[in-house]
Every structure is written in structure tokens, then in C-alpha cells.
Amino acid sequence: MSPRPLVLVADDDPDILLLMTLTLERDGYDVVAAKDGLGALEAAVERVPHLVLLDLMMPGLDGYEVTRRLRVEPATKDLPIVIVTAAAEESQAARALDAGADAYMKKPFSPRELLAKTAALILERRPRSRLASA
Amino acid sequence: MKASSPALMPRTERPPRLVLRFAVYTGCVLLLAGLAMLFILERDITSGAEQRVESQSRAVAEATFKQHLTRTDFVRPVSAKRRAKLDMVFQDRVFLAGVVQATLYDADRRVTYSTNHSLIGRTRPSDTLESALKGRPDRSVRVLDIAGERTKVLHTTVPVRSGSATAPIGALSLAQDYRTIDLEIREAFQHAAAILGLALLVLWISLIPLLRRTTNQLRARNQQLADQSRDVAQLAAIVEASDDAITRTSSDGTVVTWNPGAERLFGWRADEIVGRKLAVVVPPDRLDELSSVARRIEAGEGVEDHETRALRKDGTEVDVSLTASPILDDAGVVTGAAVISRDITHLKQQQAQLEATLAKERVARADAEGAQHALAEQNERLRELDRLKDEFIALVSHELRTPLTSIHGYLELVLDGGAGELGPEQQRFLSVVERNTKRLMQLVGDLLFMAQVEAGKLALDLEEVDLKEVLAECLEAAKPVADDRQVELVTDLAETPSMLGDRSRLAQVLDNLISNALKFTPADGRVSVRVSRTGRDAVVQVADTGVGIPAEEQDRLFERFFRSSNAMEQAIPGTGLGLTIAKTIVERHEGSIEIESAEGKGTTVRVRLPLGAAVSEDVAA
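For the protein sequence lines, the chains are A and B, in the order given. Under the working numbering, read the first sequence as residues 5 to 138, first letter to last. Under the working numbering, read the second sequence as residues 264 to 884, first letter to last.
Hints in this document: simulated from the structure, not taken from any laboratory. It is possible that part of the hints are untrue.
To be verified - One side only, chain A facing chain B, incomplete, derived with CB under 10 Å:
(1) Met24
(2) Thr27
(3) Asp66
All C-beta atoms, glycine included, are put in the ideal place defined by N, C-alpha and C.
The shape of chain A in the complex, shown without the other chains (with noise of 0.2 Å):
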């Protein structure tokens, strides 16, 4: 296993695509960046990673989608997803956690909340992983 946390990062829009795969990777990550819900659902299966951060407004498949689908596959069933989200309404916030998902984040965010959260759901599943492969 890799000393370097994987996280799989998925947004339409490559700005903040970049944005997110540089704070993380600044911060000590692997990033896997998809362009879209198809291309995250694909890569997390080719290599689970230890994290999902999914845009939730994105063409094909949109974060819900993509959050149901990880969450019906075994190897990906557990992963911590958090759904990122521009809409208005704060009803999408808790549709994303009906659908699957660990927490939300909303744009626009700043890097740093963007590293705290991520830490603190890797951090939070450490444990358990550990657990599971003793």
C-alpha cells in the first residue's frame, strides 16, 4: 500500500479540477482527476482509492449517480465520498447524503476546508481499514 493516501477527484469544470488535484496534492495526496461521473466511476474501480470528492452537477452521469453506483460495488462500497456542490437549494445538500454519501461541501470552498475535510474522513476510516486487514 502506498504512504500516500489516494484520493479520486471528479468535476466538470478543469479549473477547479486543477485547483482541487494541486491543494491536494500540496497537502501530501495522490489524485486521480476525472473529467466526469463515467471516467471516477471507472477509475475507482481500476484502483480504489482512499477518498472520492464528486461534483454533483456533471453531464452523463451526475454525483448521485456515480455516489449510488460506488455504493453498490463491493470494493467500493465503504469508500468515504464527499459530494461538492454550487447548487442553491439546500435540499441537494441532504439528497447527496440520502443518496450514499459521507458529507458535502459547498462552492464556493476554500483550499483549506477543502484539506480538513478530506483529512478528517481519511483519518476517521484509517482506523477501521486496519482493523479489517488484521
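Please build the complex by placing chain B on the supplied structure of chain A, with the hints as guidance.
Below, chain B alone, put in the same frame as chain A:
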């Protein structure tokens, strides 16, 4: 006031006397019937007793004849020797049965032998003897002189035949003392009378409940009749007293009754008009109306509240409301009409006035409606504009978020040295960019919040919130700004129980209030923040020593986009949404917000939040 008629007086009740009278009547009738029956019975008993005696006599006669009498005893008066023998026979055998005298006759009505020897040889014709000689036994009641005593006897005469000869050869007559019969009759009669009396008594007694029932029915019927006559009297009194003209006509339209109301309305006295046609009070141009009413009456239909005009005796006309109903006899044939007329002159005047008023009102209402319509249209346009604005705000906010995320994110990355070390100049300039980016983000956030509220989509994410903790975080964030502006930040945070609320929204309120206070307080001023508990509420108070708000503007502080003149003049940045948002959030927490301000002295904002369920939990703990 007229004296009430006797029919209206309460009737005195006399039921016992009525029952008594009936009892006496029936008693008398029964008694008479009983007497009549006794009379008949007595005759029956008498004749029965006599018959019995008679047949007794006949039996004796036959027995005596067969054994002791001979044919010769009926041919001529017997010899002295025979007489003595016969005396013995009759003494021995016959007199035992109460017979006081026995006589034998020959066919010539001559006495051949008698216990009364003086009769022997005499001829004593009588009806009973004639009858006996014709072969029919007969009897009669006579008074005989027996041994010098007048005695009432039953005299029975039976024919005496010899062998099989059909014609009697003579007759045997026996006189029986009537006293024995009388005794028998009296006994029988007494029995019969006792039985009959008892039967009649029982009958009479059993008749009493029947009588009672009948009298009750009679009484009820009497009462009913009395009530009816009272009703009739009352109706008559009502008709008499009525202001309406109440009249009755026969089927040909002749006036039959005419009440005082009619006298007043039409001017005709009853004695003048009864017997004349009702057409007298109808104006000539309305006679066809009368005949159409008459046709309806004939058809058994009525006319109700028919408005027309009537002709008074003095020739003037009056507005009346007419109600006419047919009067039917028991067979359902129309025999006349009841006509009620009411003076509606006053009503007509009122109606005319009312109509005039209504007409005026209609015009006024039409004007008002026109104005209202215009207003409604304008309102509708305004609502549409409002809706477009809300949509626009939501869209713009959303579209602004994505680029803002990039700008802010990359800026932070650069400032954190993500693109190499920055020179002091670069650092300073980019800080300005960052500060303004944050303002822009604040503005977008506020606009978005209002858009959500407008769309009814503001949802609270409720959790247990420690108000003091939230406030401490807000103060922590405000501290650098306060220091920067050289404003003293004083805090007095009492412990309050945790409350149920949306933590981030409450933080938004407190941030807003504190940043407002700081914004409007000049250097060397003071902002004090207090949390206290009052009853079931937590009270957060943010007071400043700032510029204050002009009194005339204080009412508008919570309006969307409203900015005070002080804020505008001093170019203090803001969107005019902060307080609107704060009020909305506080009210969604069932709390209240109020502002006190004095221009030049400062402003105090007080937020009251109910601790609600958390209080009881606190008490329980």
C-alpha cells in the same frame, strides 16, 4: 281594551258530578229493567207453581178416581152413605196435599159430591168446569167460603172419563189453599230477586269504569271544543286588532267580513261595504288585475304579496301588498277568499330611497372596482417583476459561485506559496484581491440566501447548539477586524443551556450583528457582546458606541436592501441584506430581534431565542 269573551275564561271542571249523574241514570235504568224482569219472572213462577199444583191435583184425582171413585159417583148426587165414604177418602188421601175442598160434577154441571156437603145437588157452572167437560183440565184462582172462612184457593178442575170413552162423564174439582202456593212463589221469587239483584249490581259496578272512560272522552272532547272556540276567539281578536286589512269575500267577490284594519286602510266602514263587491276598492284601471286574482282563487290557488294599488273611499289611491287565499269547504270547493291587504306606502318610499342610494353606491362601486382592477393589474405586474427578480438572483448567484470558487481557491493557493514565494508588494496586492473576493462571496451568499427564503426553500439543519460556543467562535473571527479598526471588543458570556437550532445559520446571525457593530463604530469605540438567560429565552445583545441610526429610518431596518443614510454617506460597504437575513433566521428559530438606536450614541441589537425543549432537558439534568 275589550273585555275578554267568556270563551276565553278558564272552564271549571266538574267531572265527579258527571260520573255520578251517569251512575244514577244507569242505576235507574237497570233498576227498572230489574223490576220488569221480576214482574215477568213472578208471573212465570206463579204459573209454574200453579201448574205444578194442578198436575198434582190431576195425579191425585186420577189415583183417587181409579181406586175409590166409581162411575156412579158422577151420575147423580151421592147417597148419604156414599157421601160419608167419600168424605173419608178425601180426608185421608187428598186433604194432605193442602186441598181444602173437593167437588165432583156430573156432565150436567151438577155437584154430585163435595166435601162441602151444602153444595151437593147444586148446579155450579163455571168456565173451568166447561173447559174440563170439554176434555181440557183448567184452573182458576177463587175465593171460597170454607168452614165459614173466606179462603183464597187455586181451583183445579180435571175431566173424568170412564174407560176409553172420549167424552168426560164428569169433572173433579180440587180447591187448594193458595197460601201454600204463595209460600212457594214467595220463596222462588225471593231467590230469583236475589240472583237478579246481584247480577244487576255486578253489571252496574262493571259499568262504572266504562262510564268513567266515556265521561273522560266526553270531557276531552268538551275541552277540545272549548280550546277550539278559544282559538277561534283569539283568531277573531287578532283579526280585529290587526293593522292589516283582513277581509273575506264570497266566491262572487262580495265582501262578507271587514275588520277595523280594512276600515282604516280603505276608509269604508264594515256596515257600509259588507254585501257590496270588493271591486269597490279597486281602481278602475286595475280591474283586470282583480279578475286575474279571482281566477286564481277559483282555481284554488293563492296570491302572495302582490303589490298593487287600492282605491280608498275618498278617491285617493294607496300602495298595498295583497295576499289572497281561497277558502274551501269540507268538500274542497272554493266558497270564497281571504284577502289580506297591507299598506306599503312607507315601504315604497323606503324602497325608492334605498334604490337611489343603491344606484349611487353602484356608481361608486364601479369606480372603486375600476380602481381596484387597475391596482390588481399593477400588483400582478409587480409580482411578476418580483418573481423575475428572484429567479434572476438565484441564477446569478449560482453562476457566480463557480468562478468565485476558482478565483478564491487559486488566490489562496498563491498566497500560501503554492506558486513560489511572493514579494511583499505582491503579497499586499493579492491580499486586497482576496479581501474583495471575500466581499463578493459574502454578497453572493446573501443574495442566494434571500433567493432561497423568497422561494420558500430555506431549511434549517437542527441540532443541539451551545450558543456561548458559537458566539465565542464568531468573536474569535471578529477579533482581528476589531483590532484592525481599533475598536474595543467587550464580552460577557453567561452559561446558557444548549438549544435546538441550525448552528451555521445562528453563527451567520451573530457574525452579521458583530460585523455590523464593528463597521459602524469608529476608532476608539466599543462593541460589547453579552449572552444572558431570561426565563425560557437566551438573549444575545450586541451594543456599539457607533454612529447610530436616524429615528425615522429605524422602522425600515429590516427591509431588504435598505441601507441607512449614515452607511451610504460614510461609504460603509454592505448589501443591505444583513439584518433582513438575521431577522429571517431568528424568526425561523421562533425568536425575535429588536434594535434600539440613538444617532451619534450607538446601537443595541437584542436577539431573543427560545431555549425550548433544551430547557426542560436542562432542568431534568
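(message) Restraint: Asp66(A) near chain B, CB-CB cut 10 Å. Satisfied or not?
(response) Since chain B brings no Cβ nearer than about 15 Å to Asp66(A), farther than 10 Å, the hint is violated.
(message) Is the interface hint satisfied for Met24(A)? The criterion is a beta-carbon contact with chain B at less than 10 Å.
(response) Nearest chain B Cβ about 8 Å off; hint holds.
(message) A closest beta-carbon separation below 10 Å is what the hint needs, so does Thr27(A) meet it against chain B?
(response) This interface hint holds because 6 Å falls under the 10 Å limit.
Comparing the model with each earlier hint shows a violation of hint 3 alone; every other hint is respected.
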